[in-house]
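Chemist: Build out the structure end to end from the sequences listed, making use of the hints.
Number of protein chains: 2
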Amino acid sequence: MTNDAYIELEKRYRRIGILNETVSFLHWDTATAMPKGASSARAEQFAQLKSVIHTLTSCPEIGELIGKAKASKYNLNGWQQANLNQMVRQWTKATAVPEELVVAFSKACSACEASWRKARPEDDFRSVKPLLQNVLNLTRETAAVKAEALGLSTYDALLDDYEPGYCESEVEGIFQDIASFLPNIIDDARSAQSARPTPIMPIGPFPILAQKNLGQYFMKALGFDFAHGRLDTSLHPFCGGTPDDVRITSRYDEANFISGLMGIFHETGHAMYEQGLPARWRYQPVGYSLGMGMHESQSLLIEMQVCRSRPFLHWAAPILRKAFNGQNTAWDAENLFRLHTHVKPDFIRVDADEITYPAHIIIRYRLERALLAEDLSLNDLPTAWNDMMKELLGIVPPSDREGCLQDLHWYDGAWGYFPTYTLGAITAAQLYTTARETNPNIEDGIRIGDFFPLISWLRTHIHGVARLKSSSELLTNISGEPLNPKFFKDHLQVRYLN
Amino acid sequence: MTNDAYIELEKRYRRIGILNETVSFLHWDTATAMPKGASSARAEQFAQLKSVIHTLTSCPEIGELIGKAKASKYNLNGWQQANLNQMVRQWTKATAVPEELVVAFSKACSACEASWRKARPEDDFRSVKPLLQNVLNLTRETAAVKAEALGLSTYDALLDDYEPGYCESEVEGIFQDIASFLPNIIDDARSAQSARPTPIMPIGPFPILAQKNLGQYFMKALGFDFAHGRLDTSLHPFCGGTPDDVRITSRYDEANFISGLMGIFHETGHAMYEQGLPARWRYQPVGYSLGMGMHESQSLLIEMQVCRSRPFLHWAAPILRKAFNGQNTAWDAENLFRLHTHVKPDFIRVDADEITYPAHIIIRYRLERALLAEDLSLNDLPTAWNDMMKELLGIVPPSDREGCLQDLHWYDGAWGYFPTYTLGAITAAQLYTTARETNPNIEDGIRIGDFFPLISWLRTHIHGVARLKSSSELLTNISGEPLNPKFFKDHLQVRYLN
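Heads up: the sequence lines are chains S and F, in that order.
Residues 1 to 498, numbered by the working numbering, are exactly what the first sequence covers, in order.
Residues 1 to 498, numbered by the working numbering, are exactly what the second sequence covers, in order.
These aren't lab readings, by the way, just hints derived from the structure by calculation.
Among these hints, one or two may not hold up.
Put simply, identical chains are the same to the list, so a pair is met inside one copy or across any two.
[Said to hold, decoys possible] Result set (DMTMM-like, lysine to aspartate or glutamate): computed pairs, CA atoms no more than 25 Å apart in a straight line:
id, residue 1, residue 2
1, K107, E8
2, K107, E10
3, K36, E10
4, K469, E172
5, K212, E10
6, K118, D225
Fair warning: this is a prediction, and the values are worked out from it, not measured in the lab.
Modeler: Right under this line is the structure:
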């Protein structure tokens, strides 16, 4: 009386899901704890684990079981059907890529990542370039076989790994819209900004322990469950671990607490998504978060939409003042709001403000397409990077460290990933606009540090739904339409020009 | 022109070795970083990884390849032959235990360990007892099938997991010798001690960061390579990780720096063994350290033989004084020597002095044999524990927290492990006596903080040899005879009665 093939598939994917969790913890360890000399041994560990997982994911029995599960006369419920659809998608992708290529790609990424960790502080693009070329070649090779299997263009096959359902042409349209909007809004925001009092920077030092304790305080307030997660330190903030043990990181500057704290807010947004996934569907393909665009929407909703807003900063200002024993007017809520929404074109993506950030993404999106298409060689990347910075933001980085060496992504094999940051920013605006309109308790709560209405809304409409719906279906269900850049543009105009 | 079957075996064991490293890092993470709420998910991860490894280790092809490798006309060199012998041993043990039992045992241990972490601070043996019973039952079941396959007694099959080559009757003989020697030496040492000035305890607080920094200073001096290892904090000090990334831990008491520092010395001894293993044989069965007895000999050689000796403490005293800004005569070398060799029967094994320590081990050895043989039930364990403490050390723990709940071992499935501590202490005395006799530079170096002669000797004679020889062969090669308790007894008499 049951769909036995489907039940067997759940059992197999459970095993795969658990093994994937071990990879996730090794990634966390690599970034937070592992000593430098262990990187080649760690690369071997990743390669072996991924090979084991690849074998389990792409074995012919999965294909046979999928066929039987589809043909079974016993109906699946909505979640089970969505789970089976996700299995088909995963299996198609997994079987497209030969195991040797998976192992070679994993090793190339580990070697390149380790080299980047050395090259970046030393501003030495040349030393990492051959390893990056290797990663790029293997990325192209992998994308080509996936594209073939999925019937997509090469770049769409890469996009599909990070935000399924979006295609190059849709992204291109949205990015052209944003790119043409940016120059004016940046100018207008800077004019409006110069007409207001100059924000006063609180003077440190801000002890790292105090910053970390404050971050944990806000994480608790936002609903982060420390029985199922941690906060640590790494070079580049990230959200790792697993839904039952979410590991977020930030990094701290004793002279400026804002960047570290905003890093924590950002990663807490990611973490809340993971902690809110349905326990019933743990380890199953349908039980994971949607693509990185939707994931980024959750981090940006918390960081940008909420934690840099007036209502939030009016609640948080006295807490910040107390944490750092602040004395002067720099700690007033309105000054903090001006600081947290200050617009200034700069070199580093992760420190960029909300308005110039999309320019950083469009640069990377255009460069990675050119590199993948072999319209640009890695030899010319530093110059091309600087030229685009000049064109879109009017500034030129003084070094590759502040240019094409700044982000881990490409060096770790994440090509097609960058667009999801800006897709996420647009999604965040669309979701939060809808949330506030449909439930006034959300913003009223934030004014007094009660995030329960907000988190409950997110749990109900997004986190708890996992992959039952696609990003586009979810967005349409919630807001009445698919992704529309107007929400993001409206948000920027209200926040920066009023 | 090659032994192809042997080459294929090396390839397979390399894979197994690398996957085992991932298990090792998850163990480190569990003890140092993992939040409480993640313990059941972690148990799933261990179970799945161990199941993958068990499948690879016990698959019939390994047996076939072993047969072919043995029958090949191409000779193996000494290392390769020893490697093949280790493969045979591992394969015999792996195939003896059905996979379901491996998984059940792993899950039982993870659940029991998590429960113990809660029960110990709450002094609640009752709550963890059913989980411990489960671990005990599965230990007995596993030992029985291994004993059958290896042609050993049940307890010898357990011993064989931790110190291959020793049997119950040999251990029993050595332990009876030590047990009959202990009461007199404890009395005599305490008499001698009371005739000397009472040692003065330096007064804290000793900031935890200062203790950790000092520990790292001594680790570096001893030759620990921080490019391939770390020092962290956990409830129970341990040495984990892998030879390329050795993770040691200690724990700190702000009122007393000695226990934390000695923990670091102890684990550094373990770490030096791992870091000194031959890179050529990495991941191969012959390339690992010998049993836990030999491993413990390395930690005790550093902690007990070296770091609690007069020559070491005369060098270290001014460093300790400076690190904690010590002012009075408590920081004089002779006072520190008296403190570090102070004899006092107490409840906690890990804090026990060198002379009373073997009594703690003999208690656990006798109790675990009785529990395994069903001559004792877990209901009666707390009382039996206290009775033996009374008999051997003349004191009774005021709580189970200071009694049968103090050690993780049994709760984590390590039965047959405890004897290796005292076998290690005896081995350490035998090795260090021989080392000093054959190379006077060793002790001369220690007097001035130069550990290079000592570590070089250990690298040459023990670390770099890995499993090329058995513990007994190694000991006979080095000292001219197999394990003999007289070296340990002589050492105690010289140190405590002179």
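Chemist: Next, verify each hint and record whether it holds.
Modeler: How the hints compare with the structure:
Taking the closest pair of Cα atoms, K107 and E8 come within 25 Å of each other only across two copies (21 Å); inside a single copy the shortest separation is 32 Å, beyond that limit. Taking the shortest alpha-carbon separations for K107 and E10, only the inter-copy value of 20 Å comes in at or below 25 Å, while the best intra-copy value is 30 Å. In this assembly of identical chains, K36 and E10 lie within 25 Å of each other by CA distance neither inside one copy nor across copies; the values are 39 Å within and 27 Å between. In this assembly of identical chains, the alpha carbons of K469 and E172 lie at most 25 Å apart only when taken from the same copy (24 Å versus 66 Å across copies).
In this homomeric assembly, K212 and E10 never come within 25 Å of each other (Cα to Cα): the closest approach is 40 Å inside a single copy and 47 Å across copies. Only between protomers do K118 and D225 lie at most 25 Å apart by alpha-carbon distance; the minimum there is 19 Å, versus 34 Å within a single protomer.
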